[in-house]
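Chains as they are written, first to last, in my numbering: chain Z, 1 to 273; chain V, 1001 to 1358.
Careful, some of the hints might be misleading.
With the C-beta cut set under 8 angstroms, the calculated list includes, among others, these residues of chain Z facing chain V [said to hold, decoys possible]:
#, residue
1, 76
2, 121
3, 171
4, 172
5, 173
6, 183
Please keep in mind that the hints were generated in silico from the structure rather than gathered at the bench. Being a predicted model, the structure only gives us computed values, none of them experimental. Quick reminder that beta carbons are idealized off the backbone N, C-alpha and C, glycines included.
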Amino acid sequence: MSRHSPTRRSPLLAIYAALVFAFIYLPLAVLILYSFNRDGVGGFPPLHLTLDWYRQLFADEPIWDSVLNSLLVAGGAVALSLTLGLLAALALDRASFPGKALFRRLVLLPLILPGIITGLSLLMLVVLSGLHLSLLTVLLGHGTALISVATTELFAGLQKTDRAQEEASLDLGATPWQTFWRITLPNLKLSLVAAGLLIFTLSMDEIAVTFFLIGRDNTLPLEIWGRLRRGITPEINAVSTLIFAVSVALIVIWYRIRMRSIGAEAKQLLQRP
Amino acid sequence: MSSAAIPQAPLAGADAPLLEVRAVAKRFGAREVLKNISVNIAAGEFLTLLGESGSGKTTLLRLIAGFEEPTTGEIWMSSERLDTLPPHQRRVNTVFQNYALFPHLSVRDNVAYGLRVQGAPKKEIPSRVNEALAMVKMTEFAGARPSLLSGGQQQRVALARALVNRPQLLLLDEPLSALDANLRKQMQGELKALQREIGITFLFVTHDQEEAMALSDRIALVRDGALEQVASPREIYARPATAYTAQFIGQTNLLRGEIQRSIATCGVLRWPVEEPDGPVLFSLRPETIRLCADGKRQTHEVKFRGVVRQQIYGGSSELLEVDSGDGQLLRVRLPACGPLAGELDFVFSIADAIRVLD
């Protein structure tokens, strides 16, 4: 194949593309750069690079408490929404019952509801039920609000699975329960991981719902938000850089898992005449 | 329900059938897929359900496996009611059309699956898995993932996986249809040999009449959800009960005519019969018609003069299309004989004209 494309592209297009990418990534680059800048946010151009802000960050206990809180909430939200989402997806995929279309829309509704509405209504529910606002209420809020994400991902996964495999399992003497654990769930592994990562990320940076349901313990986004009201510090830049790095790592892991499964499918395709 | 319909337990005995399908019907909504099917399968038999796609043969298989419930009727196996049991409690195993191997398990674990979920003794599992893999000559692939195997290899694994449970009845849903022609022929031979060797009853579904003829002890021809005829391959070919059977299995000439005073008349062809008067339909296989070189016929034969319209060379045989003079084209299969042309005399034996239902 020729390395030159047959049609010459306008240089304007290249400039336009560069501008778009700059618009998306320049702020990120600035954020990362300033986290290493000795003179803080105000000092431009950054002349002296330093790890001081990271040292300060690692000694900052409230930040780490909030990171831990966020991890707890996100982990719990993943477990809760995957469990309930899987049940909803199974119902949508396999069962036929009156009001199924309505059920489907109701399950998917939180995807498009503004966070403020979800947060406010959950707050009213919590108050009515007499619960104290705490990390648990945040966890329940995230978990229920993200069921729709889990349901969509897992439903798509179930639609792709070959039902004959479950029939083969039953045929070989496995009970429906054994079939679920040994065949259905392993087939859904990829969808479960993908949905889990997505929900984890969404929960980690959720603000609107959290804002209504938070008690005394802050999550990381709320901690950052609270500090920003006292001015931007390079320490915030440092923590944001770390979040960015973790997010990229998660995406790479997810991508690798996905490529491995696609690789197997591609091999299978090549085998066929 | 009338008192006559009280279910009766069949007598247990050596000659009791392994599987009894009793007046089974299946409807999906308004669509009647199976209509009042009754058929018995003897232990050790190779029975084939033969039919066009959409005839309901796979549905019958799924009813026996337990993936569908009959709308009416009952299925019994070894003198026990089968159709009320869930699939995992039936001593029936299935080889699926696209094999349905578990992609996340190795070949060995696929085969061991049935033993593991049924809680077979741990010590027994490896030897039974190896035995099953050896039976289908797949021992060397035990560690491979199914996705890395060819179609024929996957088919063998599916067979081993179903046989390792030692079912009383093995259901095979068009297991060879995904294979190319040469491999299919080879697998047919192996399948038949395997069935003889292990003595398990096979219920085989196919739309390929040659495959059905080659493999089966008996063929059950399914048409539009009903059984057209159940008979051995030889009998169903030599004595088809209906015009549909005669045309579906092999090639035939259908002769439409009339019987009057014990003489059947089909166009220019006339011969004596011992049947009552009325309209009639005969099936006459192309290979039962011969050239009559000397122009003489025996008393039990029918002679006619025909013009060869077309001749198709088929290696060991020739297929002629012969115009018998009344506009009807008769197909005639002769041993390879070189080019023929013009008007020739043909004969067939009266006994080879089989009366069939429309």
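So, going through the hints one by one against the coordinates:
1. At its closest, the beta carbon of residue 76 (chain Z) sits 28 angstroms from a beta carbon of chain V; the interface hint therefore is violated under the 8 angstroms criterion.
2. Taking 8 angstroms as the C-beta cut-off, the interface hint given for residue 121 (chain Z) is violated, the closest approach to chain V being about 41 angstroms.
3. For the restraint placing residue 171 (chain Z) at the interface with chain V, the shortest Cβ-Cβ distance is roughly 5 angstroms, inside the 8 angstroms limit, so the hint holds.
4. Interface restraint check for residue 172 (chain Z): the shortest CB-CB distance to chain V comes to about 4 angstroms, inside 8 angstroms, so the restraint holds.
5. For residue 173 (chain Z), the interface hint holds, since its Cβ comes within 8 angstroms of a Cβ in chain V; the closest pair sits about 4 angstroms apart.
6. The interface hint given for residue 183 (chain Z) holds, since its Cβ lies 6 angstroms from the closest Cβ of chain V, which is under the 8 angstroms cut-off.
The structure fails to meet hints 1 and 2 from the earlier list, while all remaining hints are met.
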